[in-house]
Amino acid sequence: MSSLDRKMDKILAREEAGQIKKRMKNRALRKMFANRLSVAGIIIFVVILFMCCAAPLFTPYDATKVDLRSILQPPSAEHILGTDKIGRDIWARILFGGRVSIAVGLGSALIATVLGVSLGTIAGYKGGWLDGIVMKVSEIMMAFPQMILVLILVTITGQSLWNLIFIFSLTGWPSMYRMARSQMLSLREQEYVQALKAFGIGGMRIAFKHILPNAIGPIFVNITLSTAMFILQEAALSFLGLGVPLEVATWGNILNVAQDLTILKQAWWIWLPTGIAVTLFVISINFIGDGLRDATDPSQIG
Amino acid sequence: MKLKKITSFLCAAAMAAGMLLGNGTAVMAEEKAVSCQELGTPLADVRVRQALAYAIDLDAIVDSLFDGKAEKAISFTAPGDWLNAELPVYSYDPEKAKELLKEADWPSDYTLDVVYYYDDQQTVDLMTIIGQYWSEVGVKAQFRKLEGDLAAQLWVAPEDKENGPSAVKWDLAYAAVAALTESEFYNRFASTATNNSSVPLQEGLDELIAASNSTMDTDEQKEAFKQIQAYVAENELAMPLYHQVCFIYNSDDLDMAGSKVGNDQFSYEKNILDWNINREDKTLYTNGGPQEFFWYPMVNPGYMINTELIFDKLINADSSLNPTEGMLAESYSVSEDSLSIEFVLRDGLTWHDGEPLTAEDVKFTIELMLKTPGANAVATEVVQAITGAQDYLDGKSEDLAGVVVDGNKVTVQFDKIAANALQVFSQWPILPKHCLENADPATLQQDQFWQKPIGSGPFMVDEVVLNNYATLKRWDGYYKQGSGNIEKIYMFASGENDANLVKNASAGKIDYAWSKSTDDAKAIEELENMNVEVANIRYTRCFYINQFPHEANIK
Amino acid sequence: MTNYVIRKILSLIPMMLVLSFLIYLGIELMPGDAVDFLIPPDALSTMSETQLNEMRESLGLNDPFMVRYVKWLGGVLHGDFGYSLQSGVPVATLMKNHLPATIELTVTALIFSSIFGILFGVISALKKGSILDQMLSVVGMIGVAIPQFLLGLICINAFALHLNLLPVGGRMASMDQNFFERLPYLIMPALVLGFSLTSGVMRYARGSMLDSMGKDYMKTARAKGIPEWRLNLLHGLRAALTPVVVLIGFRLPMLIGGAVVIEEVFQWPGIGALFVDSVRAQNTPLVMMIGFFSVLLVLISSIIVDIVTAALDPRIKLS
Numbered sequence: 000m001s002s003l004d005r006k007m008d009k010i011l012a013r014e015e016a017g018q019i020k021k022r023m024k025n026r027a028l029r030k031m032f033a034n035r036l037s038v039a040g041i042i043i044f045v046v047i048l049f050m051c052c053a054a055p056l057f058t059p060y061d062a063t064k065v066d067l068r069s070i071l072q073p074p075s076a077e078h079i080l081g082t083d084k085i086g087r088d089i090w091a092r093i094l095f096g097g098r099v100s101i102a103v104g105l106g107s108a109l110i111a112t113v114l115g116v117s118l119g120t121i122a123g124y125k126g127g128w129l130d131g132i133v134m135k136v137s138e139i140m141m142a143f144p145q146m147i148l149v150l151i152l153v154t155i156t157g158q159s160l161w162n163l164i165f166i167f168s169l170t171g172w173p174s175m176y177r178m179a180r181s182q183m184l185s186l187r188e189q190e191y192v193q194a195l196k197a198f199g200i201g202g203m204r205i206a207f208k209h210i211l212p213n214a215i216g217p218i219f220v221n222i223t224l225s226t227a228m229f230i231l232q233e234a235a236l237s238f239l240g241l242g243v244p245l246e247v248a249t250w251g252n253i254l255n256v257a258q259d260l261t262i263l264k265q266a267w268w269i270w271l272p273t274g275i276a277v278t279l280f281v282i283s284i285n286f287i288g289d290g291l292r293d294a295t296d297p298s299q300i301g
Numbered sequence: 000m001k002l003k004k005i006t007s008f009l010c011a012a013a014m015a016a017g018m019l020l021g022n023g024t025a026v027m028a029e030e031k032a033v034s035c036q037e038l039g040t041p042l043a044d045v046r047v048r049q050a051l052a053y054a055i056d057l058d059a060i061v062d063s064l065f066d067g068k069a070e071k072a073i074s075f076t077a078p079g080d081w082l083n084a085e086l087p088v089y090s091y092d093p094e095k096a097k098e099l100l101k102e103a104d105w106p107s108d109y110t111l112d113v114v115y116y117y118d119d120q121q122t123v124d125l126m127t128i129i130g131q132y133w134s135e136v137g138v139k140a141q142f143r144k145l146e147g148d149l150a151a152q153l154w155v156a157p158e159d160k161e162n163g164p165s166a167v168k169w170d171l172a173y174a175a176v177a178a179l180t181e182s183e184f185y186n187r188f189a190s191t192a193t194n195n196s197s198v199p200l201q202e203g204l205d206e207l208i209a210a211s212n213s214t215m216d217t218d219e220q221k222e223a224f225k226q227i228q229a230y231v232a233e234n235e236l237a238m239p240l241y242h243q244v245c246f247i248y249n250s251d252d253l254d255m256a257g258s259k260v261g262n263d264q265f266s267y268e269k270n271i272l273d274w275n276i277n278r279e280d281k282t283l284y285t286n287g288g289p290q291e292f293f294w295y296p297m298v299n300p301g302y303m304i305n306t307e308l309i310f311d312k313l314i315n316a317d318s319s320l321n322p323t324e325g326m327l328a329e330s331y332s333v334s335e336d337s338l339s340i341e342f343v344l345r346d347g348l349t350w351h352d353g354e355p356l357t358a359e360d361v362k363f364t365i366e367l368m369l370k371t372p373g374a375n376a377v378a379t380e381v382v383q384a385i386t387g388a389q390d391y392l393d394g395k396s397e398d399l400a401g402v403v404v405d406g407n408k409v410t411v412q413f414d415k416i417a418a419n420a421l422q423v424f425s426q427w428p429i430l431p432k433h434c435l436e437n438a439d440p441a442t443l444q445q446d447q448f449w450q451k452p453i454g455s456g457p458f459m460v461d462e463v464v465l466n467n468y469a470t471l472k473r474w475d476g477y478y479k480q481g482s483g484n485i486e487k488i489y490m491f492a493s494g495e496n497d498a499n500l501v502k503n504a505s506a507g508k509i510d511y512a513w514s515k516s517t518d519d520a521k522a523i524e525e526l527e528n529m530n531v532e533v534a535n536i537r538y539t540r541c542f543y544i545n546q547f548p549h550e551a552n553i554k
Numbered sequence: 000m001t002n003y004v005i006r007k008i009l010s011l012i013p014m015m016l017v018l019s020f021l022i023y024l025g026i027e028l029m030p031g032d033a034v035d036f037l038i039p040p041d042a043l044s045t046m047s048e049t050q051l052n053e054m055r056e057s058l059g060l061n062d063p064f065m066v067r068y069v070k071w072l073g074g075v076l077h078g079d080f081g082y083s084l085q086s087g088v089p090v091a092t093l094m095k096n097h098l099p100a101t102i103e104l105t106v107t108a109l110i111f112s113s114i115f116g117i118l119f120g121v122i123s124a125l126k127k128g129s130i131l132d133q134m135l136s137v138v139g140m141i142g143v144a145i146p147q148f149l150l151g152l153i154c155i156n157a158f159a160l161h162l163n164l165l166p167v168g169g170r171m172a173s174m175d176q177n178f179f180e181r182l183p184y185l186i187m188p189a190l191v192l193g194f195s196l197t198s199g200v201m202r203y204a205r206g207s208m209l210d211s212m213g214k215d216y217m218k219t220a221r222a223k224g225i226p227e228w229r230l231n232l233l234h235g236l237r238a239a240l241t242p243v244v245v246l247i248g249f250r251l252p253m254l255i256g257g258a259v260v261i262e263e264v265f266q267w268p269g270i271g272a273l274f275v276d277s278v279r280a281q282n283t284p285l286v287m288m289i290g291f292f293s294v295l296l297v298l299i300s301s302i303i304v305d306i307v308t309a310a311l312d313p314r315i316k317l318s
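Residue numbers (numbering that gives the first Met the number 0), protein chains in the order written: chain A, 0 to 301; chain B, 0 to 554; chain C, 0 to 318.
No farther apart than 20 Å at their CA atoms in a straight line, the calculated lysine to aspartate or glutamate pairs in the EDC-like style are these:
1. B:Lys281 <-> C:Asp175
2. A:Lys264 <-> B:Asp66
3. B:Lys451 <-> B:Asp352
4. B:Lys144 <-> C:Asp276
5. B:Lys97 <-> B:Glu135
6. B:Lys432 <-> B:Asp346
7. B:Lys415 <-> B:Glu335
8. B:Lys515 <-> B:Asp119
9. C:Lys95 <-> B:Glu462
10. B:Lys521 <-> B:Asp251
11. B:Lys508 <-> C:Glu180
12. B:Lys221 <-> B:Glu206
13. C:Lys95 <-> C:Asp79
14. B:Lys487 <-> C:Asp175
15. A:Lys264 <-> B:Glu525
16. B:Lys168 <-> C:Asp35
17. B:Lys487 <-> B:Asp461
18. B:Lys139 <-> A:Asp61
19. B:Lys508 <-> B:Glu495
20. A:Lys64 <-> B:Asp56
21. C:Lys127 <-> A:Asp293
22. B:Lys415 <-> B:Glu366
23. B:Lys472 <-> C:Asp175
Facing chain B, a subset of chain A residues (Cβ under 7 Å, in silico):
24. Ile85
25. Gly157
26. Glu246
27. Leu260
Derived by calculation from the structure, the hints in this document are not laboratory data.
Note that the structure is a prediction, hence the values are computed from the model and not measured.
All C-beta atoms, glycine included, are put in the ideal place defined by N, C-alpha and C.
The task is simple: from the sequences and hints, build the whole structure.
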């Protein structure tokens, strides 16, 4: 008995020193890195992200620079992935286009997360009319098939990069909100929360600092899933002619030219590498998401 | 700072080249001076407009982007005997462009606001290329696609046709003009044109345009248009870019019995009843099937191939769209003074549903054309010239007095010479009165008739699965029987730009079709069983240049 | 159970009212109106504002917003869904014409992805860790990650144009064709649409199969000497199905979204393609109806998921 007591004292001491949390994080990360697929995912993700962000380091060309004297060139030493119909370098377009596509996907996912999680935390913790209203709004948003809602919104706001980010964020927050809220609901009556309350710690502080961290795993999983979804949706919208304006290089816009059967059949260098880039990137995000899910799921032994 | 520069330069330019702004005297009226200080546009200077043209290498664009399958334009008029051979040509010369811009004191911080309304890849590519050419001579430009009410954003004429200010916001607008006749290209440069949003009153131009419209004599018309062309080109009132051509595709299975192909944007005699198809089901495959409805022939009588198969006109036309012999009319004659046309209908004509087709149908159709808003400009011009048209429109008379029915004879009388009357009667088909009597002209296209129309042409509508396909079958009640074997026409649903044309052709499911897309032509050329023929059409892509004073839209 | 369903359906009504208002408002906020799309842009340059206004008047577009909405709502309550602004065809007729195509496509895709997803998921679980397991998961991953339209175009190029096995698009070649004659048209779009869904189902089926295989009652049954295959089929699968059904139910909205793209790629004459056209053309009555309908479908499918889950898992009670 007394040995157990001593052990508990030690744990308490460590917790007070703020070490336990660190260990927890480490454990999740350790589990994450033990998963080969998620490591592969992280590597691919980081490589693609870095190459896109630092695009000028990897290509001397500009994504919009037209050169009518070298159109539809197959890959060569000069243009490693060839050129498109108006002589723009495909490799440069993939890199610079990746910037935009990733920014749209990741940016929208982050904004949606911040929005949804804050609302969910506040509304879920406080409850009452605020929760009621936000819940109804989220129900309404979620009643639409995502694509249908996005299409309606695109036509309302018009096509532009910022509008697209806005629309994706707007359609993406309800699922985040739901998740954060359910976390709040299940934990706010827990004893440790009651104890914190008894110490006179402010409600919002409890909600954000002591309950929300429990949801950090699902939140990250959700960010990855949303990013992947938005990147694919951007491509789908380009295909329907309702995406980012065609003059902006994005993965969706580069792929869009495959609608021209001549390009599809004869100029594989335009769409195949781009298609692979999109697919690889989305796969890598999914791997990371899977890894995160496993790593942060307490029911899985790591 | 920027605005000051623009206005000061403009005032100077206006004084120096006052002629360009409309009137050259020292009467730079006070209000005008005021407006000059507030508003202006560097595009009012002809040197700027010329410089913008010099900066673009159209030959390179045509060769690369259009794969050599379009023609560089030096005028709206396509090469041929309607084109003035001595027009100034603004061939690619970036040095000259820079020089002119310098002379004109081009404000280097000005960004041109260029608008377009097509959402295809080729347009966007073209805009990108042109933007780059301009930036190479130091002109910044931003391109944007217009959404929503296009007419209100593009074609509203200013109240003051001389001094503006502009009623539209853009600097340049990329547009296309599809013309049945030359007048469609040039009427809009007149200060009286309701759709002239970009060109201020020009000295002497209105008179030239009026002269071109007041004769039925082709030679006189040509002479008049050549003068207009010269005026437009010398002053670069608009910037023609390229002429599109019409590509006609046919398969090896199809024997067109020696018929000549032509401008498929409109209808012409193809002798389809003589065509033979080498398919067991005796079916000819094409596109243009209805997506939501069959297109009504008011705006564009040749929008889809099916229109000319289902509906007959009074007069036939050859592949160059010149009116030939009668169609529904057994014969027709134009009076000495060119002010009336008499049509004699064939005996025993019927509609596909068996109802008789009479002179009343002809009269009904002309009245309907008059009442339908948004009908084609040439057609409207002609029907409005008919005696009593205004009274009929105003509701002052029950019927159109200028169309007189006498048995199977119809006489159309005009108040003034309608230069294009015969073209109109050889393009716009006759519609059945008994089906459309109660249709609302304002929403004619929404009438249920267009779900499965009844006509009097060689083929009648059979099956319709909207957005998928529709079939036509040979109609044995037609007034003549050909020697061909085509019993059925299968049409894949498509709009004017058929995204699936190449796919269907590759799959061996297109025997006859046309398009203006160079991508289609390039892809179909490479198919073994398909042939591509080219026909010239009056279809010119251009920039309209807003020369009315307006605020810089991009700051 | 009946009570539950009735209560759920009743709770949909206020929701649908709010939604209908929001969609209507949304279309109202789009730039321009239907008239701008009824006339080809090149021809617009010859029309005067007066003429355009005449058309607006005749289409009833000049009434104030609220008047139009109330009119529309009144019509709907009387079973009149209005007319397409483009073709003048009753919206109900259009839905009747286009809906079967979409249902045919999505249901086939759903069946396809469920069968293959569950099958491969169970196989993966039984052969956990094998090369087959890993290959299936990689293929599944690609299915989720590749843009659907690109896959569709590649398939058309390969199977329709190069190999000449399947038609490039459309739903039928003649109205006389029965379902089996039309089957070649259905295969490619349904497979491409179902492909992305399969991997999700597969992963779920694999996970829950593994889960149920480790359960105590399975061990007991195994100890009793029940043959392995029977064990897996009867007990394992049944327990594994519940989460899969839930997943499929929740993927239905995704399927509708995917159908929009696939229908465009394969010229499939369904409501997805119709929706894209009518959104672009601001064809309010049609957008309303399709938007409305898809929402209803989502809500109903969530009710069905509830019921099926309860039926499959005796522990869950509907309340």
